[in-house]
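Chemist: So you can see what is in the structure, the chains are spelled out below.
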Amino acid sequence: MSQGFNHRGVWAIYRFEMARFLRTLVQSVVTPVITTSLYFVVFGAAIGSRMSEVGGVSYGAFIVPGLMMLSLFTGSISNASFGIYFPKFTGTIYELLSAPISAVELVLGYVGAAATKSILVATIILVTAFCFVPVRIEHPVWMLGFLLLTALTFSLFGFVVGIWAKSFEQLQLIPMLVVTPLTFLGGAFYSIDMLPAAWRTVALFNPVVYLVSGFRWSFYGAADVDVGVSLGITLGLLIGLLVVVSWMFKTGYRLKQ
Amino acid sequence: MPPILSISRLTKRYASGLAALDGVDLEIDKGEIFALLGPNGAGKTTLINIVCGIVTRTSGEVTLDGQDIERGFRMARTKIGLVPQELTTDAFETVIATVTFSRGLFGRPPAPAIIEKILRDLSLWEKRNDKIMTLSGGMKRRVMIAKALAHEPEVLFLDEPTAGVDVALRRDMWNLVRGLRERGVTIILTTHYIEEAQEMADRIGIISKGKLLLAEDKATLMKKLGKRALTLSLQEPMSELPEALSAWPLTIKSGGYELEYTYDANDGQAGVPALLRRVAELGIGFRDLATRQSSLEDIFVNLVSASTESEART
Numbered sequence: 000m001s002q003g004f005n006h007r008g009v010w011a012i013y014r015f016e017m018a019r020f021l022r023t024l025v026q027s028v029v030t031p032v033i034t035t036s037l038y039f040v041v042f043g044a045a046i047g048s049r050m051s052e053v054g055g056v057s058y059g060a061f062i063v064p065g066l067m068m069l070s071l072f073t074g075s076i077s078n079a080s081f082g083i084y085f086p087k088f089t090g091t092i093y094e095l096l097s098a099p100i101s102a103v104e105l106v107l108g109y110v111g112a113a114a115t116k117s118i119l120v121a122t123i124i125l126v127t128a129f130c131f132v133p134v135r136i137e138h139p140v141w142m143l144g145f146l147l148l149t150a151l152t153f154s155l156f157g158f159v160v161g162i163w164a165k166s167f168e169q170l171q172l173i174p175m176l177v178v179t180p181l182t183f184l185g186g187a188f189y190s191i192d193m194l195p196a197a198w199r200t201v202a203l204f205n206p207v208v209y210l211v212s213g214f215r216w217s218f219y220g221a222a223d224v225d226v227g228v229s230l231g232i233t234l235g236l237l238i239g240l241l242v243v244v245s246w247m248f249k250t251g252y253r254l255k256q
Numbered sequence: 000m001p002p003i004l005s006i007s008r009l010t011k012r013y014a015s016g017l018a019a020l021d022g023v024d025l026e027i028d029k030g031e032i033f034a035l036l037g038p039n040g041a042g043k044t045t046l047i048n049i050v051c052g053i054v055t056r057t058s059g060e061v062t063l064d065g066q067d068i069e070r071g072f073r074m075a076r077t078k079i080g081l082v083p084q085e086l087t088t089d090a091f092e093t094v095i096a097t098v099t100f101s102r103g104l105f106g107r108p109p110a111p112a113i114i115e116k117i118l119r120d121l122s123l124w125e126k127r128n129d130k131i132m133t134l135s136g137g138m139k140r141r142v143m144i145a146k147a148l149a150h151e152p153e154v155l156f157l158d159e160p161t162a163g164v165d166v167a168l169r170r171d172m173w174n175l176v177r178g179l180r181e182r183g184v185t186i187i188l189t190t191h192y193i194e195e196a197q198e199m200a201d202r203i204g205i206i207s208k209g210k211l212l213l214a215e216d217k218a219t220l221m222k223k224l225g226k227r228a229l230t231l232s233l234q235e236p237m238s239e240l241p242e243a244l245s246a247w248p249l250t251i252k253s254g255g256y257e258l259e260y261t262y263d264a265n266d267g268q269a270g271v272p273a274l275l276r277r278v279a280e281l282g283i284g285f286r287d288l289a290t291r292q293s294s295l296e297d298i299f300v301n302l303v304s305a306s307t308e309s310e311a312r313t
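Protein chains in written order, with numbering that gives the first Met the number 0: chain S, 0 to 256; chain X, 0 to 313.
Hints are supplied without guarantee of correctness; some may be wrong.
Here are the computed lysine-lysine pairs in the DSS-like style, where the Cα-Cα straight-line distance is at most 30 Å [claimed, not checked]: (1) S:K87 <-> X:K139; (2) S:K249 <-> X:K208; (3) S:K255 <-> X:K130; (4) X:K126 <-> S:K255; (5) X:K252 <-> X:K226; (6) X:K130 <-> S:K87; (7) X:K208 <-> X:K226; (8) X:K126 <-> S:K87; (9) X:K208 <-> S:K255; (10) S:K87 <-> X:K208; (11) S:K165 <-> X:K139.
Keep in mind the hints are simulated off the structure, nothing from the lab.
Let's have the full structure, built from the sequences with the hints guiding it.
Modeler: Now the structure itself:
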């Protein structure tokens with residue numbers, strides 16, 4: 000082992016977490032394909048027929064970035080939170096705590112695996128979308144950048160939730176009560192320009208708006224808010240969560256007695 | 000040779016206010032088997048968990064092979080293997096996957112031959128592709144040992160390793176521990192089975208209410224604190240001790256049919272011949288005689304109750 004960095008430890012955690020994903024590969028791949036197809040049937044065919052274009056983009060294509068973001072948020076959180084909560088629940092956390100692995104390495108292993116899984120699923124959604132609607136990606140590098148940043152940020156958030164949670168109910172609480180509503184209210188399926196002025200102002204307090212907007216800009220070159228602000232908010236969330244995780248490890252919050 | 004594990008003035012006070020450890024000083028030499036005995040809640044597991052990084056110390060120093068367990072956690076923990084008390088396993092993983100994971104987690108390069116040897120030694124090789132959830136409790140315990148050995152630790156902590164396991168597994172584990180000691184592995188075990196400590200350990204520590212009451216070489220401990228008892232089975236029952244025998248601390252037992260003489264093992268049998276001569280002179284007939292060395296359990300019980308009584312007085 001390198002004295003400075005336990006890369007084998009990080010790789011062991013990453014592989015262990017990915018193995019869980021691969022054990023349910025069919026479920027992991029088929030579910031997003033079916034869900035995405037249903038979204039296109041329901042939103043694209045039913046609603047899209049009454050609302051042909053949003054900002055010059057067909058409605059079906061318009062919702063693709065939002066669908067990917069929704070999947071990234073929920074997938075990243077559930078993957079990372081379950082990944083760290085399960086060892087706490089079963090008691091195998093003793094092995095992680097007694098291993099020669101630093102907090103940074105532990106986070107890299109769990110968050111890296113969670114982000115990889117959610118990016119894979121988001122990519123499946125994108126590929127499925129290409130089969131149904133005319134998706135175009137104007138800024139592919141930015142698209143990949145936002146994809147990666149968002150996956151990492153929400154995986155880190157999931158990691159925090161996983162450490163914080165004392166039960167499976169608590170594990171579901173934040174994603175169900177906070178993240179999913181914020182995503183639906185954050186312009187995943189519409190432009191916030193379509194909202195009345197008052198609600199538009201309220202929407203700007205929702206951080207998800209900035210993430211979805213920046214990501215959609217990388218596809219179609221149009222955004223609800225400035226792309227620089229989107230990037231800043233995403234980075235800000237990431238840094239804030241890094242501070243929280245660092246505090247958790249420093250104090251041993253809900254990890255050590 | 001410097002000790003491999005050095006613990007100095009170690010204290011642990013939980014948020015609830017419970018003082019689990021109270022100024023523990025302990026040194027463990029490389030290659031020895033050290034058994035830590037103590038009643039439930041004495042602080043045995045807390046001590047082990049602090050050394051292994053699972054519980055944070057309140058104060059004190061702990062170094063493993065010269066490295067502070069927190070500042071030099073990477074070097075220290077690489078050398079440590081832990082088999083915890085609770086059966087905690089990844090139910091959905093296969094045996095070989097979880098053991099391989101443990102080796103990687105501790106920063107060691109893949110070594111299928113070493114993993115195979117560990118699994119064979121623990122009779123797990125045939126079950127390597129079985130999911131852990133399908134194994135019996137004894138087999139799960141073996142998996143936990145395999146995980147702790149996967150990175151070839153120099154110091155192995157066994158926290159009540161034979162609690163609730165069958166006789167065969169206990170015997171296998173004793174053999175395994177002896178084999179590890181022959182390879183130079185230092186073993187620190189806690190146990191409720193005092194005969195296990197008596198059988199296995201080179202040194203014994205007794206902890207009660209967070210205080211280490213003693214840590215002694217087993218033979219020295221038995222010699223220093225051990226008692227011997229001589230029991231005479233009398234031909235006729237004795238109702239009271241004759242005045243002529245008052246020089247010996249004797250006890251009448253079994254309804255007057257037994258006379259027991261307890262003496263310090265350090266004094267050898269100096270008082271026994273004189274006692275036997277005196278008994279013969281007094282015409283007290285006996286059918287049989289037996290001597291018994293007090294066990295580690297007697298020593299343990301005496302020490303712990305003495306400590307409890309002392310605390311009650313203060």
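Chemist: Determine for every hint whether it applies to the structure shown.
Modeler: Going down the list of hints, with the structure as the test:
At roughly 18 Å between alpha-carbon atoms, S:K87 and X:K139 fall within 30 Å of each other, so this suggested pair holds. As the CA atoms of S:K249 and X:K208 are separated by approximately 29 Å, the hinted pair is consistent with the 30 Å bound. Restraint check: the Cα-Cα separation between S:K255 and X:K130 comes to about 29 Å, which is no more than 30 Å; the hinted pair holds. A distance of roughly 33 Å separates the Cα atoms of X:K126 and S:K255; the hinted pair therefore is violated under the 30 Å criterion.
Proximity of X:K252 to X:K226 is assessed by CA-CA distance (about 18 Å); at most 30 Å being required, the pair is judged to hold. A threshold of 30 Å between alpha carbons decides the hint, and for X:K130 with S:K87 the separation of about 20 Å falls inside it, so the pair holds. About 25 Å separates the Cα atoms of X:K208 and X:K226, which keeps this hinted pair within 30 Å; it holds. Between X:K126 and S:K87, the direct Cα distance comes to roughly 26 Å. Compliance with the 30 Å bound is thereby established for this hinted pair.
A distance of roughly 21 Å separates the Cα atoms of X:K208 and S:K255; the hinted pair therefore holds under the 30 Å criterion. As the CA atoms of S:K87 and X:K208 are separated by approximately 28 Å, the hinted pair is consistent with the 30 Å bound. Proximity of S:K165 to X:K139 is assessed by CA-CA distance (about 25 Å); at most 30 Å being required, the pair is judged to hold.
The structure fails hint 4 only (numbered hints given earlier).
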